[in-house]
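Trainee: From first to last, the protein sequence lines are chains A and B. In this text, residue positions in the first sequence follow my numbering: the first is 4, and each later residue adds one. In this text, residue positions in the second sequence follow my numbering: the first is 5, and each later residue adds one.
The hints are simulated quantities; they were obtained by calculation from the structure and are not laboratory data. Accuracy of the hints is not assured; some may be wrong.
[Claimed, not checked] A few chain B residues facing chain A, derived, Cβ under 8 Å:
#1 V77
#2 P84
#3 K94
#4 H194
#5 R195
#6 E197
#7 S198
Every value quoted in this text rests on a predicted model; they were computed, and no experiment measured them. Using N, Cα and C, we set each Cβ at its ideal position, and we do this for glycine too.
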Amino acid sequence: MNKLLLIIKREFIAKVRNKTFVIMTFLSPLLMIGMIALVAFLTKNSLEQKRTVTYIDASHLFSSDNFKEDKTIKFINLSDVDLETAKIITQESNHYGLLYIPKKSEVDELSKNIQFFSENSPNMILIADLESVISAKLQTIKRKNLGIDIEKLKASKINVDMQLSNFSGERTSKLINGLKMGFGIGAGYLLMMFVIIYGNMVMRSVIEEKTSRIIEIIISSVKPFYLMLGKVIGTASAGLLQFFIWSVVLSILMLIASVVFGVEMSSNISTMQVPSEQMEMMKSTMEGEIQLLISEVLKLPLFTMFFMFLFYFLGGYLLYSSIFAAIGAAVDNETDTQQFMLPVILPLMLGVYVGFSSVIGDPHGTVATVFSMIPFTSPIVMLMRIPFGVPWWQIAISMLLLIVTFVGVIWFAAKIYRVGILMYGKKPSYKELYKWLKY
Amino acid sequence: MSNLLVAENIFKNYGDFTALNNVSISVPKGSIFGLLGPNGAGKTTLIRIINQIALPDNGTIYLDGKPLELDDVRYIGYLPEERGLYKSMKVGEQALYLAQLKGMSKQDAKIQLKYWFDKFDIGDWWNKKVQELSKGMAQKVQFIITVMHKPKLLIFDEPFSGFDPINANLIKDEILQLRDEGSTVVFSTHRMESVEELCEHIALIDKSNKILDGKLSDIKREFKSNTYEIAIHTSDNNSVEKEIAKKFVVLPSNMKVLDNELVLKVKIKNGEASNDLLHYLSSKGTISHFAEVIPNANEIFIQAVNKNAKK
Chain A
4 MNKLLLIIKR EFIAKVRNKT FVIMTFLSPL LMIGMIALVA FLTKNSLEQK
54 RTVTYIDASH LFSSDNFKED KTIKFINLSD VDLETAKIIT QESNHYGLLY
104 IPKKSEVDEL SKNIQFFSEN SPNMILIADL ESVISAKLQT IKRKNLGIDI
154 EKLKASKINV DMQLSNFSGE RTSKLINGLK MGFGIGAGYL LMMFVIIYGN
204 MVMRSVIEEK TSRIIEIIIS SVKPFYLMLG KVIGTASAGL LQFFIWSVVL
254 SILMLIASVV FGVEMSSNIS TMQVPSEQME MMKSTMEGEI QLLISEVLKL
304 PLFTMFFMFL FYFLGGYLLY SSIFAAIGAA VDNETDTQQF MLPVILPLML
354 GVYVGFSSVI GDPHGTVATV FSMIPFTSPI VMLMRIPFGV PWWQIAISML
404 LLIVTFVGVI WFAAKIYRVG ILMYGKKPSY KELYKWLKY
Chain B
5 MSNLLVAENI FKNYGDFTAL NNVSISVPKG SIFGLLGPNG AGKTTLIRII
55 NQIALPDNGT IYLDGKPLEL DDVRYIGYLP EERGLYKSMK VGEQALYLAQ
105 LKGMSKQDAK IQLKYWFDKF DIGDWWNKKV QELSKGMAQK VQFIITVMHK
155 PKLLIFDEPF SGFDPINANL IKDEILQLRD EGSTVVFSTH RMESVEELCE
205 HIALIDKSNK ILDGKLSDIK REFKSNTYEI AIHTSDNNSV EKEIAKKFVV
255 LPSNMKVLDN ELVLKVKIKN GEASNDLLHY LSSKGTISHF AEVIPNANEI
305 FIQAVNKNAK K
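In isolation and in its complexed conformation, chain A is listed as follows (with noise of 0.2 Å):
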């Protein structure tokens, strides 16, 4: 015990001392951030270009008052000469594109004859806009065509919000459900992200020791199942440990980020261009809403979310670590893992794709009950889908088989490891592998 505590002290603080380590820990924060704002300064940018659009309105429904000017876009009325001229002008001067808009008896057909040219394809975004002040047009048109009053027409809308409740009675919130895929996606995403660093920093680790020939000198004093078993919670505090400086270094740069950008932000709401009264009946049904979910956040079983969390990170991760020191015993360099890789990513790789394509779509369907019922995916699938609230004998039949495949693949990871690391100058195939099962 005494020995487990000193290898998994030096493994920590190897790990820790790591020029790359420190670099790592405080140079991906910034880096993400400098993502995030560049990706979000480009969007900006591109949506702030103000595009210039000609026009031809030939049916002469239109005025220049649907056309008109706003940030994005600028027109220009082009009505007065013929369309081949229209799209050399246009063509010339630089603009963006030209619209056409033909003249025809009926709305409908002309509704099917609208045209715009443009020298590269239009981005679409500015062609659904150009699209719907046409409709909105037309369609007060054809409404009008065909009698129906208008006033009437507004007055008879109606905006339906149902309330979810539950069969006890208790009212539910829909942005609950966004909270909790939110956190099912995210501790999915943590568990991968964890597994695969520092699974490999385990694998590494292990090479390392291997190559360097001073294993030998170490299970001389210290049976191999130790020395792997403290590697694995030596990098895993190495790891914690880079993990909580990331979320504190990164939510104190978010806060500096939102109060420096905050502002422009919330300018850039306020001139969105959304019906003043949809904006009340927006804000209203938020504030209930925000109530609800305050008090719905409050029901959750918060404690139980908390403790599956830590159950199946940790298992997730002991669970393939154990596997990436056996892998890392196996071989004699980096570039001989490969092969054992595959095996080892796969499963991972597929429970973060069903826990995104099933478990939100429908959290206690068969696909997502049953792979949150195999070990090697259920600590990914079934924290997703921990929050949607799972039937205790499930939790317990997911843990159980986690526990029992644990023990069973340590005690196979300890087997290939304790041969394997004193093997050299052979890249094994799995049939040697299994050999060493019965050494």
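Place chain B on chain A using the hints.
Mentor: Showing chain B alone in chain A's frame:
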């Protein structure tokens, strides 16, 4: 004299391959024991079993009369053939870590390390990283790590490989001193001259079987063939040689001599006294050399292994 280490009927298989087949050895307390054998004979497997790195399929290891336990690692110091250190760790920290893994307290380990670092005059290496050391320097650190917890049993696998002659000599003297202070040493090597110099007892393992063991002097007595190497001044070397060959079995000798003496190896029959040969020879000329041929460790090794191969 009692035995510190006894291996009793050790069997070990790796799959279909037999690494050790019923091997037993006894290492007397306070002796230096040579574990010899060709490459792949099973020496390293036996050493690993003694260090509890591998478990025997069958058989028992006794240390000081008791079956070996997990905790006994603190009484054993092991310098493996495949050895190294953590490259990016500092020498001092690393030595402390490995000492504590052996069960020493941090304070004791510091005292012992200071003693050894002073003795080898390498005190200023404490804060150096291993990757800054040369191979020979790293070997010295490894030697210290092996012996610092004052183990009862020291096991060296090819201890001199990687050392220059001066440092090899230094290590050899240290091993002898440790023996004098009461440690028992098992050492495995291919360098027969160091076996000759150091070992009192040997065991020879070939193809997973022990084919020879015992006191080196006893084994030599067993392997000697009543052969004498002679050098003699004669008036006519050829005719004298023919005369001797009529009475005794004569073998050629490569002994270097100063003058043009007749040089021969002469074998006498069991029961015949060497004095008779000496007497006979003295009538043929002036004897300048007369000595019994005692096989060295190297010859014993080769003979025993060849004999085993014919079986």
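Trainee: Hint by hint, where does the structure go against what was stated? Just the numbers, ascending.
Mentor: 3, 4, 5, 6, 7
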